[in-house]
Structure formats: structure tokens, C-alpha cells
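Protein chains in written order, with our numbering: chain B, 1 to 372; chain A, 1 to 280.
Quick caveat, the hints were computed from the structure, so don't treat them as lab data.
Built from N, CA and C at the ideal position, the CB exists for glycine as well.
Among the hints, a few may not be true.
Claimed, not checked - Examples of chain B residues toward chain A, derived with CB under 8 Å:
id, residue
1, L57
2, V124
3, M162
4, V164
5, D167
6, D170
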Amino acid sequence: MNSCRSAYGCVLFSPVFFQHYQWSTSVKMNDGDTISNLNCKLGMKSILPIFRCLNSLERNVEKCKIFTRSDKCKVVIQFFCRHGIKRIHNLCFQESQPLQVIFEKNMCSNTLVIQPRVLAEATVLFTSSQEEVTLAVTPLNVCIKSSNEESMDLTNSVYSEMFVGPDEFDFYQIGVNTEITFCFKELKGMLTFSEATHAPIAIHFDFPGKPMALSIDDMLLEANFILATLADEPSRASSPQSLCLSQKRKRSELIHSNSEAGKNVTSKDAEYISRKAVPKRLYSETRTKVSSSENRGSPLTERANRDISEVPESSVSDTEEVPGSSHLRKFSRMFFGAVSSDQQEHFNHPFHSLATASDSEEDVNNGSFSTF
Amino acid sequence: MKFRAKLVDAACLNNFTRVSNMIAKLAKTCTLRISPDKLNFILSDKVANGGVSMWCELEQENFFSEFQMEGVSAENNAIYLELTSENLSRALKTAQNARVLKIKLTNKHFPCLTVSIELLSVSSSSRVVTHDIPVKVIPRKLWKDLQEPTVPDADVSIYLPVLKTMKSIVEKMKNISNHLIIEANLNGELNLKIETELVCVTTHFKDLGNPPLASENASQDRNSEQMAEVHIDIRKLLQFLAGQQVNPTKATCNIVKNKIVHFDLLHEDVSLQYFIPALS
């Protein structure tokens with residue numbers, strides 16, 4: 001999750017990725033007799049330097065062993081290098097409940113599957129200072145072009161666009177003509193990652209305002225990146241009607257996708273999730289609005305997603321200007337069912353954890369991104 | 001004012017891209033002059049540029065398969081555009097495997113040089129890339145500052161050594177001082193000197209050869225061993241050398257004692273002249 005909450009990435013490594021994968025149940029077993037996963041977070045600044053020099057790692061390291069020592073709250077990474085050299089890194093971790101994004105990829109009307117190389121060739125067009133790019137699709141072709149904010153000095157920046165025909169895609173399904181605008185930097189980051197895997201990237205999206213998903217799914221890993229897209233200016237107000245309509249559908253889908261933890265989904269959960277859905281920045285203003293809309297639950301339907309994400313926005317625009325986040329305001333907020341650490345029940349949900357043990361692989365294959 | 005040109009040959013495209021890269025390294029902003037048979041990249045010797053000036057010329061028919069232009073008026077059949085050099089070189093960089101490259105002057109809320117590229121792709125459908133590069137049209141009254149500079153009567157003319165070698169030497173010298181002395185004589189000797197309180201460094205290039213003296217009134221009794229020197233800002237020389245990715249076909253250095261150093265390069269069919277004034 002990035003700092004302005006407009007992008008979310010999650011990479012799941014299947015046990016096949018590793019030579020040896022051992023999961024041992026931790027000491028604390030809860031009432032439900034379910035396995036409690038280790039949910040922790042590590043600082044990027046600690047982990048990155050360790051894995052930074054790819055070249056030297058490839059040359060020198062023969063084996064890498066990663067294990068946890070929960071008694072000392074440490075993750076130990078051991079590199080067994082050439083010439084008998086052994087390098088050990090001890091990283092402290094913090095227990096945390098991970099954020100989880102619920103986004104139904106398969107329900108998007110537009111899906112494109114493309115080789116990373118083609119996307120990379122498109123990104124060359126833009127300068128690194130380009131903030132946003134727009135993807136415009138029709139059944140005939142796809143256009144990626146630079147997107148400029150009104151405040152920018154247009155007389156100084158180059159406008160670039162590239163049209164790509166359907167036959168360059170591995171899969172091309174356009175249900176609705178649309179133009180979505182998203183952050184270029186995040187796309188580039190994802191692309192760098194995907195080029196290493198050589199697997200095709202699937203892009204799922206709908207209309208402006210609704211988040212888009214970029215995902216890679218191959219034998220070794222599954223990666224999902226959800227990016228916020230720029231919402232169309234005019235209508236921000238949510239219609240409570242559409243919220244209600246989708247409630248029933250939501251609840252049933254929530255239960256359906258929650259195959260393992262089905263019983264545990266109660267209205268109380270949904271409520272809790274909804275309250276935490278509001279991004280921190282807008283929290284104070286939107287308190288009232290949130291409590292009034294009970295059971296917002298997980299926006300597994302497109303409409304719900306947009307409305308929910310727009311409710312906080314409208315309240316912000318009505319009240320004061322949130323300084324420094326006017327740029328962010330324009331992006332629709334993605335809905336996150338953030339699970340708080342003081343809700344005991346959530347500990348038991350493998351559904352909510354990001355690091356899955358091998359036994360929940362079948363959830364991953366559901367196609368629904370929400371189950372982990 | 002109209003301008004449209006089409007480029008289809010891969011070698012020409014490579015060449016044009018290389019020229020544009022070189023210009024981008026030499027000048028952040030430059031003037032593009034379009035005339036019926038030539039394209040010029042110009043940097044005039046304003047104070048803002050540190051007195052450095054540049055004149056790059058290429059014959060359009062060596063590059064473009066189609067070339068049409070209509071200047072400001074019949075008597076003034078030229079177009080002067082100011083643009084950020086890097087924008088053009090970056091746009092051309094995306095044209096690596098282009099089947100066709102078209103450049104034209106357009107007006108999209110403001111004047112632009114539109115580069116449109118049809119890329120060859122693996123599949124049957126071709127990709128179309130378009131870049132709109134914003135430009136400023138330079139009014140006729142300012143054209144007089146952008147004319148071809150007169151080549152000064154040099155005291156010494158000498159052929160330059162391999163530019164890459166020269167560049168690595170100048171790079172190291174820059175760490176010692178910003179004040180560089182270039183001197184050369186009619187005996188094929190060129191020296192680069194740095195002098196500080198603590199240290200003096202001189203690099204000697206020998207057997208470079210001198211082009212035949214152009215003017216007749218070069219004094220016969222001029223000692224061919226006598227050095228003509230110019231004191232210049234080393235950073236300007238370095239910028240010039242950094243722009244030369246390939247060794248030119250021909251490279252001459254003309255020195256006017258204590259006034260200016262003039263570099264005259266020929267890269268295949270593109271000529272580049274670069275003037276660095278003496279430090280005052």
C-alpha cells in the first residue's frame with residue numbers, strides 16, 4: 001500500500017517457488033482450533049538493501065534460508081555464499097494485521113492480457129516526470145497517452161500517444177469503451193517486477209474512478225496490483241439506493257467467497273470493516289456518513305465500489321480543503337477492509353491474511369482476488 | 001507557414017536520431033531553422049549561453065524522402081522555431097524500428113512539431129506513435145541574431161586528435177581547475193594546459209597535422225613553432241566533447257589568439273561549428 005493510498009500491491013509466492021517450505025503452527029492456538037498465521041510487517045528500508053544487488057547475489061549466493069524466530073520477533077535471512085561464507089541478517093518485524101483489498105477482477109467489463117515487453121515499449125514514450133497516463137480502449141484498438149492536469153504548463157510538455165492493435169494482446173475483451181487515468185510511476189514499478197517473471201500481465205478495469213487491477217498469475221507466484229484511477233469530475237454524491245440494492249448481493253458474495261471462514265462472517269464483521277474502510281486522511285469528516293451506512297461490506301460489485309469510494313470524497317469537498325491532498329482527492333479512494341488488530345476474531349481468518357500457508361491455495365485459484 | 005517531411009530509410013533515421021542526440025547534449029534550448037534545402041540547429045552567442053554559439057547544418061535531401069515547407073513569406077522563405085532539444089531526441093528515440101517517420105508543424109492550441117511514427121511490430125497491425133513537441137515560432141525581427149556565424153581568421157588551424165581521448169583528459173583536468181588553456185601551432189602540436197598554485201598539468205598532442213592555410217596574408221615568416229593560445233572555461237569544452245558520441249569524419253580547431261576557439265566538425269554529411277569565447 002503506498003503512502004497516498006492509491007496503489008496496492010500483493011505478491012503471493014507459492015510453495016513451489018521455494019525449495020523447501022515449512023510452516024509450523026505457532027504456539028498460540030485459538031478457540032476455533034484454526035491455524036493462526038504469522039502476520040508481520042518489515043520495514044522496506046531493512047529488507048531492500050539485503051536483496052539489492054541482484055548481480056552479486058546471483059554470482060555469490062548458493063542458498064538462501066529465511067526463517068522466523070517469533071520469540072525474538074525476528075526474521076532471519078541467511079545467505080550461504082561461495083567459499084563457505086555465510087551472511088546472516090536479522091530483521092525485527094512488527095506484528096500487524098495486513099490490509100486487504102477486495103476487488104473482483106473477473107467482474108470487470110474490460111480485460112486485456114499483454115506481454116510485459118509490449119507495455120514496456122509503451123512506457124518508453126513518456127518521461128519520468130510524467131505523472132499520469134491515460135489508457136483509452138475501444139474494441140478496435142487501445143491507446144496509451146500522456147495525461148496532463150489542467151494546472152500544468154502545457155506549452156512545455158510533450159504530449160505522446162501510442163495506438164496498439166488487438167492482435168498484440170494475448171487476450172482482448174472490451175465490454176465498454178472507456179478511458180482511465182492512473183499514476184505512471186506505479187505502472188512502471190509493476191512493470192519492472194513483471195519483466196522479471198516473463199509472464200503475461202492481465203489488466204482488469206471498468207470505468208474511470210473504479211480501481212484497476214494488474215495481475216500476474218503463473219506457477220511460481222501470483223501478483224496483484226490495484227491502482228486507483230482518476231474519477232470523472234461531475235457526480236460525486238453516492239446514491240443510497242444503489243448501496244442498499246447491492247447489499248444483499250454483497251452479503252451473499254462475501255459468504256460465498258469466504259469458503260473457509262464462512263461461518264465467521266457476521267454483520268458485525270461487515271460493519272467493522274466498513275468503519276475502517278475510510279482512509280485515515282478523511283476519517284474525521286466522514287465519521288457520520290460511515291456510521292449511517294451500515295453493512296457497506298465489501299464492494300464486490302462495481303457500482304458499490306464507486307459509491308463507497310465516493311462518499312468520503314464528497315464529504316471532504318463539502319467541508320474544508322484537505323491541504324496537500326487535492327491531487328489525491330481526485331483519485332477515487334479504494335475500498336479497503338482494513339482489519340484492526342484488536343478484533344480477536346479476525347486473527348482466525350486466513351481470509352484476511354496476506355501470507356498464505358499452502359493449504360489455502362484453492363482460494364487463490366477461485367479467481368476472486370478477495371480470498372487469501 | 002507550413003512544414004511536413006517524411007523519412008523512410010532506416011539508416012537516415014539513425015543518422016537523424018544521432019544528430020538530434022548530439023544537439024540535445026550541446027544545447028538545452030536551440031533554434032531549428034527550416035529552409036527549402038537545409039535544416040539548421042542554431043545556438044546564438046547570447047550571454048545566457050555563456051557566449052558559446054553553435055551552428056549545425058544538414059542537407060534535407062540526405063535524410064528525407066519528402067520535404068515540403070512554406071516559410072513566413074516568399075522573400076523570407078524560412079521558419080525559425082525554438083524548441084527544447086531533448087524533446088526531439090526523446091521522441092526520435094522511440095522510433096527505433098519505424099517504418100515511416102513524419103514530422104510536421106501543427107497547431108494544437110499552440111504551435112507544435114508533431115512527430116508521428118509508424119512502428120513495425122511483430123503482428124500484422126502496426127503501432128502508431130505520436131509526439132506533439134511544443135515549439136515557439138521566432139518572429140522575423142529576431143532572425144538577424146540567428147545567422148550563420150562568420151568563420152574568423154584563425155591564427156592557427158589544426159586537426160583535432162581522437163575526441164574520446166581528448167574528452168577523458170579534459171574530464172580529469174576539470175577536477176583541478178576550470179581555467180583551461182588551449183594552444184596550438186602550425187607544426188601539428190596541440191597542448192591543453194591547466195595551471196594552479198600547486199600544480200601545472202599539460203597534455204601534449206603531436207603530429208596532428210594542419211589544414212592548408214586558407215588566407216594568403218598569413219604571414220610567411222610566422223614561426224610554425226609559435227603557439228597561439230586561448231584561455232577558456234573548461235566546462236564549455238567538456239560539454240562540446242561530451243556531445244560527440246562518434247568520432248567525426250573531419251575535425252578542425254581554429255584558434256584566434258586570446259579571442260575565440262572555433263571547432264569545425266563534419267559527421268558524415270552533417271556539419272557542426274562550435275564557438276567558445278575566451279575568458280575575459
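Taking the hints in turn, this is what the structure says about them:
1. L57: violated, 31 Å
2. V124: Given a least distance of 6 Å, the restraint on V124 of chain B holds.
3. M162: Because about 5 Å separates M162 of chain B from the closest Cβ in chain A, which is inside the 8 Å limit, the hint holds.
4. V164: holds, 6 Å
5. D167: Status holds, d = 4 Å.
6. D170: violated, 11 Å
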